[in-house]
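Student: One-letter residues, chain by chain:
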Amino acid sequence: MALLEVEGLTRHFGGLRAVADLSFALREGEILGLIGPNGAGKTTVFHLVTGFLRPSAGEIRLAGRSLVGLRPHAVARRGIARTFQIVKPFPGLTVKENVALAAFLRHRARRDAEAAAAEVLERLELSHRSGTLASQLNLMDQKRLEMAKALATRPRVLLLDEPMGGLNPAEVDVASGMVERIREGGVAVILVEHVMKAIMRISDRVLVVNQGQKIAEGPPAAVVQEPAVLAAYFGKRVA
Amino acid sequence: MTRQLAPWLAGALLLAAVPALVESPFAIHVCILVLMWTALGAAWNLLGGFAGQVSFGHASLFGVGAYTTIILYLRAGVAPWWGMPAGGLAAALVSLPVGLLCFRLRGPYFSLATLAVSELVKLVALNWESVTNGPVGYLITALPPLRLFGHAVDWESKTPFYVVAAALALAALAATALLRRARLGAYLVAIREDEEAAEAVGIDTVRAKVLTLALSAFVAGTAGGFYAFYFRYVDPDAVLGLSLSMEMVFIAVVGGLGTVGGPLVGAVFLTTVGEAVRERFPSGHLVFYGLFMMLVIRFLPEGIWGRARRLATGLQERALRHGAA
Ligand SMILES: Nc1ncnc2c1ncn2[C@@H]1O[C@H](COP(=O)(O)OP(=O)(O)OP(=O)(O)O)[C@@H](O)[C@H]1O
Ligand SMILES: [Mg+2]
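These protein sequence lines map, in sequence, to chains A and B. Each residue of the first sequence is one higher than the one before, starting from 1 at the first, in the working numbering. Each residue of the second sequence is one higher than the one before, starting from 240 at the first, in the working numbering.
Each hint can be trusted.
Distance windows between CB atoms, simulated: (1) A/GLU28 <-> B/LEU417: 35 to 45 Å; (2) B/LEU344 <-> A/ASP173: 39 to 49 Å; (3) B/PRO384 <-> A/ARG106: 54 to 64 Å; (4) A/ARG123 <-> B/ALA477: 54 to 64 Å; (5) B/LEU351 <-> A/ALA63: 40 to 50 Å; (6) A/ARG123 <-> B/TRP321: 50 to 60 Å; (7) A/ARG108 <-> B/ARG343: 21 to 31 Å; (8) A/ARG106 <-> B/LEU359: 40 to 50 Å.
For the record, the hints were derived by calculation from the structure and aren't laboratory data. Ideal Cβ placement from N, Cα and C applies to all residues, glycine included.
Whole structure, please, built from the sequences with the hints as guidance.
Tutor: This is the structure in structure tokens:
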């Protein structure tokens, strides 16, 4: 049984089908790339899985248990963490306070939560920013903080929504390495990303969506050769 | 630990000394008002200052407490000192369904909903005559006798009320300080900063807000009970008016949102400057409150207490640096 199973997932916005009858699975310890042109429905999939939006139809299961109808905090408690495409720090708090708030999910005492936060910051090489206000971080560190908060909830599944958007090539390499280490720590990852270099390098499998529908799925090198992908993905972006 | 307790002990001692030092009943009356307003500002601050949920309807919680206390006494003979916590409980109970309904709304919509609910509560008080006596309200003509430490308490003196008000204000401020250090307090700050991000890291935002509202309601309701006990008179205009809600907001904002000591400063400000304005412009004082709050939010967003604290910490740090050099 896969860790996360999605079956027939559908979401309408009025007349628009943002996600249409989408099925896929995420295995234990896997990095699944989720790609597609702008507006394909990737972020909507994340909103649906994490309870920020309700599906119009379909089933989502984590380790066999349905998540449909749960509010976001309950999904997080079950073990799915996410980052936001447009980062959502607690701007008026320090980096450490931001992460400690997330660590409270698994630690009752403030001291334990703070220790767990310090450990996550160490892992993401953000310790030197512990005392900085989240609102004053540069883009790379904002993206790191976003990941640190998600990791501090000790997830089994991590959904990353464009963690590398806006980063320069050197920073993309650093971020890719970070995602790989997260996976080595036993967390399965779904990575939404437009930076193809990163997707190709670290994904075990890639899922391509267009207009809410799956158009291809498989190993990264094979998927990007498929005519449907070339047409949908590059056709739209280049034109 | 001792460093944290020291200001509380000093404050409690100072409060205890007031009745011995102050002779004039009017001055004691002013102190009682300040303390009652401190408790109310603190109650509002729990929800508005920490969780950023701006309520314009806290008068209804105060009113429920006041009515509960006075009705329990006049209809069932329950002494007001028991009626006060009962009033707090009643307000907390009323707040639960209100919170579950209103917290589905965010930002200004939440604030408008609290306004609507409090007008509704006022309408109920005006029209449910069999319970509330309608617009006439209730009047206590004599308080029940009470013996403490072998002495009969003199209800014509202001001192016993002063003691109760001081205990109430201290308890409200202590509750604020405790909340600030507790996990719930951290959750509220997260909610104030970004509600969706808070949910994403596993914080049950609705539960946290409903719990805090209930705590806030308990304090406001108990203060309402105290009002009935002290003024011996309750009617819809006195305890359910919109201006009461606004005054609670005013105290918290002027004193400093999300601070522990802010409500005390705000209450002093309201009972002195606010009262003076109210006397001169009986119908225009809400306009003054509004204008003044706008000025504070623009030029002193951390409030008087917040700014003073920051200045004090700055001075302390500078002194330390000089000492070290
Ligand atoms: N709350 C909403 N209400 C109405 N339409 C929405 C809403 N959220 C998303 N959409 C629409 O659904 C479609 C999918 O959007 P989504 O944000 O999921 O795309 P995406 O794949 O994440 O795109 P990008 O790569 O630009 O981030 C778009 O057409 C978008 O306009
Ligand atoms: Mg997106």
